[in-house]
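Here's the letter readout for the chains.
Protein chains: 2
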Amino acid sequence: MVIAVDAAGGDFFPANPVEGGILAMAEYPTLQIIFVGPEAMIREELAKHEYDKDRVHVQDAPEIIGMEESPSSAVKNKRNSSITIGLGMHKAGKCHAFVSAGNTGALLAASTFILGKLEGVSRPTIAAYFPTLKGFRLLVDAGANLELKPEMAVQFAKMAQVYSSAVMGISSPKVGLMNVGEEDEKGTETTKEIHAALKSIEGFVGNVEGRDVFPAKADIFITDGMVGNILLKFGESIPDALFKMVHSAFSQVQLEEKEMKSVQKVLKTALNPFNYENVGGLPFLGVNGVSIVGHGGSSAPAIKNMIKAAVDCIESDINGKIVASLN
Amino acid sequence: MVIAVDAAGGDFFPANPVEGGILAMAEYPTLQIIFVGPEAMIREELAKHEYDKDRVHVQDAPEIIGMEESPSSAVKNKRNSSITIGLGMHKAGKCHAFVSAGNTGALLAASTFILGKLEGVSRPTIAAYFPTLKGFRLLVDAGANLELKPEMAVQFAKMAQVYSSAVMGISSPKVGLMNVGEEDEKGTETTKEIHAALKSIEGFVGNVEGRDVFPAKADIFITDGMVGNILLKFGESIPDALFKMVHSAFSQVQLEEKEMKSVQKVLKTALNPFNYENVGGLPFLGVNGVSIVGHGGSSAPAIKNMIKAAVDCIESDINGKIVASLN
Chain A
61 MVIAVDAAGG DFFPANPVEG GILAMAEYPT LQIIFVGPEA MIREELAKHE YDKDRVHVQD
121 APEIIGMEES PSSAVKNKRN SSITIGLGMH KAGKCHAFVS AGNTGALLAA STFILGKLEG
181 VSRPTIAAYF PTLKGFRLLV DAGANLELKP EMAVQFAKMA QVYSSAVMGI SSPKVGLMNV
241 GEEDEKGTET TKEIHAALKS IEGFVGNVEG RDVFPAKADI FITDGMVGNI LLKFGESIPD
301 ALFKMVHSAF SQVQLEEKEM KSVQKVLKTA LNPFNYENVG GLPFLGVNGV SIVGHGGSSA
361 PAIKNMIKAA VDCIESDING KIVASLN
Chain B
61 MVIAVDAAGG DFFPANPVEG GILAMAEYPT LQIIFVGPEA MIREELAKHE YDKDRVHVQD
121 APEIIGMEES PSSAVKNKRN SSITIGLGMH KAGKCHAFVS AGNTGALLAA STFILGKLEG
181 VSRPTIAAYF PTLKGFRLLV DAGANLELKP EMAVQFAKMA QVYSSAVMGI SSPKVGLMNV
241 GEEDEKGTET TKEIHAALKS IEGFVGNVEG RDVFPAKADI FITDGMVGNI LLKFGESIPD
301 ALFKMVHSAF SQVQLEEKEM KSVQKVLKTA LNPFNYENVG GLPFLGVNGV SIVGHGGSSA
361 PAIKNMIKAA VDCIESDING KIVASLN
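Line by line, the protein sequences give chains A and B. Here the first sequence stands for residues 61 to 387, numbered as in my numbering. Here the second sequence stands for residues 61 to 387, numbered as in my numbering.
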């Protein structure tokens with residue numbers, strides 16, 4: 061298996077993508093990695109590590125897409141970026157997947173444009189891992205499609221069901237529609253139409269509310285990209301906010317230093333479900349290929365886990381299953 | 061000042077509304093309370109307390125609207141409910157405000173129908189207190205208007221600015237529009253139009269993201285009722301989820317019993333910003349009167365704080381200020 065890794069993406073390139081790729085090779089003894097990005101920069105970084113040289117390739121891609129750059133113009137104008145070249149290699153069959161912690165918008169645009177859509181898919185969707193009391197569950201769509209239509213919602217639900225059973229090991233994943241109340245008639249005209257359409261899905265549990273996310277009343281929370289993106293980013297901000305709240309609580313509750321350390325240790329352990337490093341990346345579902353998008357701040361282990369997600373997608377033939385599920 | 065309290069609303073009536081009203085009288089020596097609900101039930105509950113009998117009145121309202129009842133049919137069919145009779149007394153000038161922990165939908169419908177709208181208001185809105193690292197800030201709309209139009213957003217922002225400066229003591233409140241990114245051009249066509257309209261508001265800070273809520277990048281977060289309601293209910297579920305996460309962390313981190321107690325104490329203090337009891341109720345802005353809506357699970361102190369919010373609205377002439385701000 062060959063996976064292309066964007067060595068010019070994320071806040072800490074080339075260090076983290078290169079180290080992440082090498083970590084992944086240690087875990088998968090037959091895996092080959094193609095690092096895509098400015099060649100000299102990658103080779104300089106590789107020189108800091110020991111690794112099996114026969115399994116590492118470097119593909120030069122001199123242009124760099126910034127994290128805040130406009131996705132559409134970046135994809136159009138930077139034909140020699142790591143994203144464009146890496147996805148082009150995937151399209152040409154030179155690798156089985158492309159993983160990147162780079163500019164999310166550019167990745168989504170380029171993935172759809174270069175890889176194309178799977179047969180029967182009307183719109184690809186980005187599914188986000190969301191922490192719950194039962195472990196990570198999926199929030200779909202996480203920002204790629206700001207408006208949702210019934211047909212799209214049904215496809216998103218089916219694609220997410222395939223992904224969560226094949227990659228996350230959730231059997232018979234339950235689907236819930238994010239709404240303002242549980243009753244069928246709640247919501248806007250659009251949510252009512254989506255609700256009616258989702259009734260065709262096996263495992264649809266009806267409307268779910270904001271309070272149902274942490275208890276994981278569903279395994280897949282269907283919503284439009286506006287709600288999904290706001291909720292995802294709000295969720296990501298919880299650990300930091302909480303540590304700050306605990307810090308200011310220390311001034312109100314008198315504790316010995318040893319106890320303060322215990323509190324911080326427990327809190328860190330308790331907040332581990334929020335640690336996105338464990339999942340590494342978000343799958344972009346519905347494109348004709350395997351494209352995994354990571355957080356800009358991804359560490360080397362997070363990049364390794366993005367590669368792991370790509371391996372799982374390839375080994376489980378997720379796209380074959382998605383096509384079968386939709387058609 | 062006379063405030064009518066729904067003694068037949070919430071999960072714990074008549075006990076909590078009655079006790080909350082009596083607590084409020086202790087805090088405001090000239091305040092008079094009218095308890096509205098089934099008379100015998102209220103008198104039986106009052107008999108358990110000591111209070112100034114000259115300042116307490118009972119208004120019989122024999123019908124009870126259930127917490128899960130359909131708002132529209134409840135308001136239409138139960139003309140002798142505490143909500144309908146209490147708001148009718150407010151409309152007739154027999155009291156200065158009506159506060160209730162009852163069926164939120166029924167309260168909103170009845171408030172608009174019975175009290176009517178303030179001059180120049182196109183749609184009333186429910187503003188929710190949301191915990192941040194700087195204390196409570198407002199999330200508007202919290203579920204009364206699932207779809208937002210530019211004109212509505214501008215009015216909601218202005219009404220919330222009046223409320224947050226008059227009642228919450230926030231000077232020059234900043235307004236942010238919840239969106240998927242900070243850049244002006246982010247979002248749907250509707251959010252772009254709303255963004256453009258909000259530029260007319262003094263204190264508009266532009267688009268804000270999910271991660272900007274806890275740091276209170278704005279004092280007023282404008283969004284549609286779908287996003288607002290989902291985010292509000294998700295936020296309310298954080299403390300319980302966190303205590304469960306900490307509980308399971310105890311099995312991974314070995315602690316002495318004394319340390320475990322310290323952890324729980326610190327966490328309880330740290331999570332105090334989430335304690336909605338401190339605010340008691342949400343103002344329903346734009347109606348021609350003072351109507352405060354509380355959480356179904358409101359305790360007696362929460363009911364007291366709802367009454368306090370009503371007193372603040374009356375004393376600051378919030379509706380006069382809203383009309384001046386809009387016209």
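Quick caveat, the hints were computed from the structure, so don't treat them as lab data. Errors might be hidden in some of the hints.
Since the list gives no way to pick out one identical chain from another, each pair is judged satisfied if it fits inside one copy or across any two copies.
[What the hints assert, rightly or not] Here are the simulated PhoX-like cross-link-like pairs (lysine-lysine), alpha carbons at most 25 Å apart as the crow flies:
#, residue 1, residue 2
1, K252, K325
2, K246, K328
3, K136, K246
4, K328, K318
5, K328, K113
Status of each hint after checking the structure:
For a Cα distance limit of 25 Å, the shortest separation of K252 from K325 qualifies neither inside one copy, at 45 Å, nor across copies, at 44 Å. In this assembly of identical chains, K246 and K328 lie within 25 Å of each other by CA distance neither inside one copy nor across copies; the values are 38 Å within and 34 Å between. Proximity of K136 and K246 under a CA criterion of 25 Å is satisfied inter-copy only: 19 Å between copies versus 42 Å inside one chain copy. In this homomeric assembly, K328 and K318 come within 25 Å of each other (Cα to Cα) both inside a single copy, at 15 Å, and across copies, at 19 Å.
For the homomeric pair K328 and K113, neither the shortest alpha-carbon distance inside one copy (38 Å) nor that between copies (53 Å) is at most 25 Å.
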